[in-house]
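Undergrad: The lines below spell out each chain.
2 protein chains.
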Amino acid sequence: MTQPAGIRPYNFSAGPAAMPEAVLQRAAADMLDWNGSGMGVMEMSHRGKEFGAIATQAEADLRHLLAVPANFHILFMQGGGLAENAIVPMNLSRGAVADFVVSGSWSAKSQKEALRYCDARVIASNAADHFTRLPDAAGWKLSADAAYVHICSNETIHGLEYHTLPDLAALGSKAPLVIDFSSHVASRSVDWQRVGLAFGGAQKNLGPAGLTIVIVRDDLLGHALEICPSAFNYKTVADNQSMFNTPPTWGIYVAGLTFQWLRQQREGDLTGVAAMEHRNIAKADFLYGYIDASDFYENRISTECRSRMNVPFFLKDESRNDAFLAGARAAGLLQLKGHKSVGGMRASIYNAMPMAGVQALVSYMREFEKSHA
Amino acid sequence: MTQPAGIRPYNFSAGPAAMPEAVLQRAAADMLDWNGSGMGVMEMSHRGKEFGAIATQAEADLRHLLAVPANFHILFMQGGGLAENAIVPMNLSRGAVADFVVSGSWSAKSQKEALRYCDARVIASNAADHFTRLPDAAGWKLSADAAYVHICSNETIHGLEYHTLPDLAALGSKAPLVIDFSSHVASRSVDWQRVGLAFGGAQKNLGPAGLTIVIVRDDLLGHALEICPSAFNYKTVADNQSMFNTPPTWGIYVAGLTFQWLRQQREGDLTGVAAMEHRNIAKADFLYGYIDASDFYENRISTECRSRMNVPFFLKDESRNDAFLAGARAAGLLQLKGHKSVGGMRASIYNAMPMAGVQALVSYMREFEKSHA
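As you go down the protein sequences, you meet chains X and D in turn. Going by numbering that gives the first Met the number 0, 340 is the number at position 341 of the first sequence; the sequence numbering is gapless. Going by numbering that gives the first Met the number 0, 360 is the number at position 361 of the second sequence; the sequence numbering is gapless.
Chain X extracted, bound-state conformation (with noise of 0.2 angstroms):
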């Protein structure tokens, strides 16, 4: 490693990812003994006081953040995104129509998997333009009777982001938005007044894998399928705060100090998400900046949707792939490599990368292409 001592390396991976040092050194503070307790988190019963703790302070700090309102419920469940593809139309479709936007890898899962439970419709697609531009909303074919119109805001391998979400009300549609924010949870604001159901996996900027955050409006509630799984019903879930089952303790205690770090982030006068999203805009504009100057890299999504969470790049000599993979791994620079589906490489700076990893990187890229160029 060429990085100075006492600096862990760089790491890029899309999930489970890098998350706070100073979490995880809390983490490891507590494992034997929380707060005076004389357990470790792992070992509560989820039905003690001391985890009733963690939880409602985690519920709270996650609420405050997001500023999500009043008549939104926050769920921690479990299963990722994946099994989200199913929950969600078991508890939305009513088994009638649901509207889907393809803009990318798990847009296409989502709506793929959709199709167990309802007429689930791709109402646009960009997959000709092979997910490099987000499909115009403006052309977007909106059913008239949809339970509910499904977008993913981040997509992570193609390294698309909604930058504004739609307006669905002014398109004319009375269906609830129901956005997949895995991948950029918490880097940014939500307007939930477009929005009725967000859902995403722990383990990109909030956690460990195996928490998953659903964050939706309480009119949805209540009109499962009879198949959906009592565990997975989230008028179930909410009516008993999170706990119907054995919730992820463990996940919830360590997004729940994420979100007690993220309380703390400072930018001028901005905090929390506000100043991560300042943050993530900087780090982004950096990163992009070099590869648009740079006649050895390229990125190959329009501008104006470019994620800036997910920075898929391409050595224009991919001859060279492995000799990058390899320098940057020296360089203290991990998992770098793209999605297996994309190719190339791929830089997730989520909200536990600081700007000096990403000027790091720059700086590797930069030596890279002088002595390959």
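I should point out that these hints are in silico values taken from the structure, not numbers from a laboratory. One thing to keep in mind: the hints can contain errors.
Unchecked claim - Partial pick of chain X residues on the chain D-facing surface, computed with a CB cut under 10 angstroms: (1) R7; (2) A17; (3) A26; (4) M43; (5) Y116; (6) A136; (7) L314.
Stated by the list, open to error - Rough simulated footprint, nothing fancy, chain D against chain X, three-plus residues with beta-carbon under 8 angstroms: (8) 27 to 36; (9) 243 to 256.
Ideal placement from N, C-alpha and C gives every residue a C-beta, glycine not left out.
Here the structure of chain X is known, so what remains is to put chain D in place on it, guided by the hints.
TA: Frame of chain X, contents of chain D only:
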């Protein structure tokens, strides 16, 4: 706390439950950097070589510990036992008949949930006996056409355990036996000749909540209902080595540490699960022996089916319950309150509870009896 300095309180939680200190210490030590990788385990891509090594080792260790035959798959899933109550019938019932033996809260819940997917029949129940004994297998009304027969092999809440698994073939049934072994997995050996599928949440004997272990015979894969979510289709999970969706990586890692700890346990010539079983018998005998000899406490479960893991007991004068619990807590004996549906006390004495903890409990019970009799 009246314990010697440096000794943690003894934690009798029914789950999530006490874990071996060596496991917790290892997990804390690895938190920021696993094995020189520069990443903590929570930060690793599940598809990278580092986590691949962890998962492969965990599966191999569990297979060794439980002597799982080669024609059974070991799956690492999410959702816990309550989710499996739906996932099992979605995968195995084919929408037809499934038989359930109701021996306590957990098997009762399993049967009720299965009704969503199949003709789930109660073929035996001892509800009339208030679940103080197991229904005699000779009296089970096995269906000729059952897709499977479900039992809960250890009832965590009521404190009953099957000390011999039923031999369905000898009872004239060709159906595979499904066992919910959540609360005694790895506390004793399993007779796989009599089992088609075993499932269990990890949070009693194996690791943190949020990880579910499913061990399934290969001929039972591939029969899922169309409405089974892909993430919970056993064949899909098996075909993808438990990585169809992002698995609960931390849970697998901590369970893997527990498996290694189990493999290191020794009692004379016995190792691993056999050594644990030896210890668990001694612990249970000591505690039940004291209770039975006392006029102050009682356990109401028939001796032949008492659980070695979960020991519910009552003070004959229940007006002293609060004083008992407060004194226990002061003596460093935690989470002894019984489940609300049963009342009284419950001591869960899983693998991680040493004999010294059971001795400390009995000493306290004796002192309490002496000062309150």
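Undergrad: All hints, please: hold or fail.
TA: Against the structure, the hints:
1. R7: 6 angstroms, holds
2. A17: It holds, given that the least Cβ distance between A17 (chain X) and chain D is near 5 angstroms, below 10 angstroms.
3. A26: Holds: closest Cβ of chain D sits about 6 angstroms from A26 (chain X), inside 10 angstroms.
4. M43: 6 angstroms, holds
5. Y116: 7 angstroms, holds
6. A136: With a closest approach of 29 angstroms, the A136 (chain X) hint is violated.
7. L314: Check failed: Cβ of L314 (chain X) comes no nearer than 21 angstroms to chain D, outside 10 angstroms.
8. 27 to 36: holds (count 5)
9. 243 to 256: Contact hint for the segment 243 to 256 of chain X vs chain D: holds, 9 residues under 8 angstroms.
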